[in-house]
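Sequence order for the protein chains is A and B. Quick note: the first sequence uses this note's numbering, first residue 1, plus one each step. Quick note: the second sequence uses this note's numbering, first residue 1, plus one each step.
Calculated from the structure, these hints are not laboratory results. Treat the numbers as computed from the prediction; the structure is a model and nothing was measured. Every residue, glycine too, gets a C-beta built ideally from N, C-alpha and C. One should not assume that every hint holds.
Derived SDA-like pairs (lysine to any residue); straight-line CA-CA distance at most 20 Å [unchecked claim]:
1) B/Lys182 x A/Gly53
2) A/Lys88 x A/Arg99
3) B/Lys182 x A/Pro46
4) A/Lys226 x A/Phe96
5) A/Lys259 x B/Asn200
6) A/Lys259 x B/Phe201
7) B/Lys182 x A/Asp42
8) B/Lys182 x A/Phe96
9) A/Lys94 x B/Gly89
10) B/Lys182 x A/Gln51
11) B/Lys182 x A/Glu49
12) A/Lys226 x A/Arg72
To give a feel for the contact side, a few chain B residues facing chain A, derived at Cβ under 8 Å [said to hold, decoys possible]:
13) Trp86
14) Arg87
15) Ser88
16) Gly92
17) Tyr98
18) Gly138
19) Thr142
20) Gly179
21) Ile181
22) Lys182
23) Gln184
24) Thr196
25) Lys198
Take a look at the letters that make up each chain.
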Amino acid sequence: MGALLVLLAALALLAAGRPADAAPKVVILSTTTSTQDSGLLDVLVPMFERQTGYTVKTVAVGTGQALALAARGEADVTLAHAPELEKKHVAEGKLFNRRLVMDNDFVIVGPPTDPAKIAGERSAVEALRRIAAAGARFVSRGDNSGTHLLELRLWKAAGLAPDGAWYIESGQGMGATLGLAADRRAYTLTDRATYLAYGTRLPLGFMVEGDRPLLNVYSVLEVNPKNGPRVNAAGGKAFADFLVATETQRVIGSYGVAKFGRPLFVPIAGKTDEDLAR
Amino acid sequence: MSPILDGLRQAAALLLSRDPEVWAILWLSLQVSGTATLVALLIGVPLGATLALARFAGRGLAVSLVNTGMGVPPVVVGLFVSILLWRSGPLGELELLYTPAAIVVAQAMIAAPIVTGITLAAVQNVPEMFRLQLLALGASRTQMVWVVLREARLPMLAAVMAGFGGVISEIGASLMVGGNIKGQTRTLTTAMVLETNKGNFDVAIALSILLLVLVFLVNWALTWVQQRRAS
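Isolated chain B, as found in the complex (with noise of 0.2 Å):
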């Protein structure tokens, strides 16, 4: 038990010190996991709500496809992103390897199908009778899909919570394609599995409560919103 302890006994200490270099990772997670739940839900909802509402062939395929991409693991995410982005991958010129730019890209690939799998059920669960009546009293189709989606709007902020949650607890890929370094790419993940190789188990503790708390105040914060607006 000793060392959970003082694991919590450090996690105050760290957050009373105000050390800039803790404060500056748990900036840069949040940063970086919050550009990617935006990108991700700017990819995923226009998908999820396409997914849900039109009728093409091949969409039961589509929609398999970003059921699948909800549980990738990110490894293989981070694998795939790191050789695009390798000096001699296809993406090579950019240079965007080991930059907080390059684990944007990988975290919003794992969201994005979350976000998307999770609108598509949002969307798909408004009753299609509410989409006729709507397009009976004469809306257009545009008009249409902006009001059945202000209708899903609370369960999609469940999207909102699980692509956040997804990617700001994500290691693998941030790993793979950040490069864990100090004051660039070091995320509060990265530094966790790093103190924890040092044999500084208080200070992963410390820095794994400080995730906890941050994902349950981001998560506090949207729910707060969410069941506000439900009553």
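One chain only, chain A, in its complex shape (with noise of 0.2 Å):
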């Protein structure tokens, strides 16, 4: 143990030394796996240290450790999809400035026998109940990401706690979780970009699409640089405004368009929690 603390400090040396590390010019994201997946990031990233000179480090996570690790002060900036819980971090001071960058959509998907007779239904929640009620096979993430947090909200609004073996958790990330869904011929809640990505290759059909509760909000949000030691509040802020800048809201709803045939995301810049549930 003596030797690797040695190592540590050894290595530890050997990167302080390094001129790169004086300047603030490293900016943390921490994000959710459904950006990286969808390969948006690899755009928006290298466009913004173009335009500011700055270094992203992108730490894709489930919502759930992307918040948290923000809160901690680990991140400078973050780029989630839960607003219940991004508002519980502004309520308490540790996160700030939150402000809508843009949306798509969730969509339940299933078997094509669909054992438990969903598709074409419009509510998200009526079709999580039959579900329930035939126990058919339903393959959860599990792992406090957006998309799991959105299925449990789903699950309460249909006064059902869900349990028993044909409610399985995953752990995983969406697209394990649909292959494991698509294995078992299961349902599952998934974000529409992972889907599409994965495509043909599932035996999996849109089952239920269109629903409001499904609409799946990204928000930037700035980190209190109270958080932790090292937080790089100017970098983060940079990068949050930069998200929200009519350039770049213009990449984000062409992205997709060229591989998929329609935009993976729409741009919602300058709008509020209230105008999208109009």
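Reconstruct the complex from the two isolated chains, following the hints.
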């Protein structure tokens, strides 16, 4: 153990000696896996780096963890999609200046045999009720991600506490969860972007879409510098401002057209939660 | 079968296209795991030799700890290194988290017990009579250790292979402390997980083939050295 500490110290000296670390030119962005898996960040991050000279370190994890990292001051800015949880962190003073960036939607997908007969159902809550009543298999992310939190809200709205052999918790990202759902011929809740990325490889079809609670809203939040040492507040603000800038919003609105024939996200900067609810 | 065939085709295409991103990922993996193995050797060889040759109270416990360390899950190492390197952690001011150096630290901690354990076994395999003879012939203790290490160098190459093979194919710790950041800390294994999550199975398979080829080439070179010296 002593030798390992010596090693850590040696590497630390090595890294500390590098001049690049002197200026706070690094911005740590904590975000959700769906923004990375969709490929959007691979377009936006280099654009931001070119415009500002900052270097971005993107940490893509579940939304629960992304917000927790920001609240601990381990990140400088966060792009999340769990409005209730975001507002809780804002209320606690850990994060601030929550601004809407873009939205897309969640869909419920399932096996073509549709054992719970929910295809074409308009209400997501009603669809979940029927899945539970039929005891049809449903795969949950079970990982505190934005998708999982929404799913839990829907179950709550349905007045149910899902439990039993039909309710499978994958504990993995959206892609792996879709694979599991396909394998078990189960229903699952997914964001449209990831589902489209998997496309025809999966024997799963759209079951429920277009219901208002299925709206998937991404917001950017800045991190209170008091959360921890070394928070790069200026860099975080620069990235947040960048996301809602007109030019960036235009890029977001056209992303995905080339690959999927339709945009994956709708730019919504400047709108409020009330505008979306209307 | 078709995804695997597609993957093979994609792997060939990736290699032929000289896609700079793929080569950068490959090069980073090699650099990070190579450095980590080197650091592990610097720690593991002296430690393993000491444990093999010295007799002291608690030696049995130390050997057991090393043997346990050989099996410690990388995610456990990843978690502890993350917490150490967090901005709010004890080594936070170094700002090492999400850098290749952080992956080197984590991988060295994974490989060090492996190198230590195999060195320990290799040195212990040198007959004790041989060591006593050296001392009787007037060798100093340092000279004796040096000769014994030279004697054990072939099995110790296995330590290099095991250590390197262990860390280059490791994913949990690299993902946690590196963050899989494009162009900065994306290694072969973390890129593979990402591509799988994206549904790009052909790219993931292509990357896994690259990883296998890389590990094979490194082991082939080391085995060549080992067997040439053995004959």
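We went through each hint and held it up to the structure:
About 17 Å separates the Cα atoms of B/Lys182 and A/Gly53, which keeps this hinted pair within 20 Å; it holds. Taking the CA atoms of A/Lys88 and A/Arg99, the gap is near 15 Å; set against the 20 Å cutoff, the hint holds. Straight-line distance between C-alpha atoms of B/Lys182 and A/Pro46 comes to about 10 Å, which keeps the hinted pair within the 20 Å bound. Among the hinted pairs, A/Lys226 with A/Phe96 is consistent with the structure: their alpha-carbon atoms are about 12 Å apart, no more than 20 Å.
With a CA separation close to 13 Å, the supplied pair A/Lys259 and B/Asn200 stays within the 20 Å bound. Proximity of A/Lys259 to B/Phe201 is assessed by CA-CA distance (about 16 Å); at most 20 Å being required, the pair is judged to hold. For the given pair, B/Lys182 sits about 8 Å from A/Asp42 by alpha-carbon distance, which is consistent with the 20 Å threshold. For the suggested pair B/Lys182 and A/Phe96, the alpha carbons sit about 27 Å apart, so the restraint of at most 20 Å is broken.
Straight-line distance between C-alpha atoms of A/Lys94 and B/Gly89 comes to about 18 Å, which keeps the hinted pair within the 20 Å bound. A hinted pair counts as satisfied when its Cα atoms are at most 20 Å apart, and B/Lys182 with A/Gln51 qualifies at roughly 18 Å. A C-alpha spacing of about 13 Å is found between B/Lys182 and A/Glu49, which places the hinted pair at or below 20 Å, so the restraint holds. Only pairs whose Cα atoms come within 20 Å are accepted, and A/Lys226 paired with A/Arg72 is accepted, the gap being roughly 9 Å.
For the restraint placing B/Trp86 at the interface with chain A, the shortest Cβ-Cβ distance is roughly 6 Å, inside the 8 Å limit, so the hint holds. Here the hint on B/Arg87 is kept, as its CB sits about 5 Å from the closest CB of chain A, short of 8 Å. At a threshold of 8 Å, the smallest CB-CB gap from B/Ser88 to chain A is about 4 Å, leaving the interface hint in force. Nearest Cβ of chain A to the Cβ of B/Gly92: about 6 Å, under the 8 Å cut. The hint holds.
Contact between B/Tyr98 and chain A, as hinted, is supported at the beta carbon level, the nearest pair being about 5 Å apart and thus within 8 Å. With a cut of 8 Å, the hint placing B/Gly138 at the interface with chain A is violated, because the nearest CB-to-CB distance is about 32 Å. A cut of 8 Å between beta carbons decides the hint on B/Thr142: the least distance to chain A is about 19 Å, and the hint is violated. For the restraint placing B/Gly179 at the interface with chain A, the shortest Cβ-Cβ distance is roughly 5 Å, inside the 8 Å limit, so the hint holds.
Checking B/Ile181 against chain A by beta carbon gives a least distance of about 5 Å; that is within 8 Å, so the hint holds. Nearest Cβ of chain A to the Cβ of B/Lys182: about 6 Å, under the 8 Å cut. The hint holds. For B/Gln184, the interface hint holds, the least distance from its beta-carbon to any beta-carbon of chain A being 7 Å, beneath 8 Å. Residue-level restraint check for B/Thr196 holds (minimum Cβ-Cβ distance to chain A is 7 Å; threshold 8 Å).
For B/Lys198, the shortest C-beta to C-beta distance to chain A is roughly 5 Å, which falls under 8 Å, so the interface hint holds.
Hints 8, 18 and 19, counting from the list given before, are not met by this structure.
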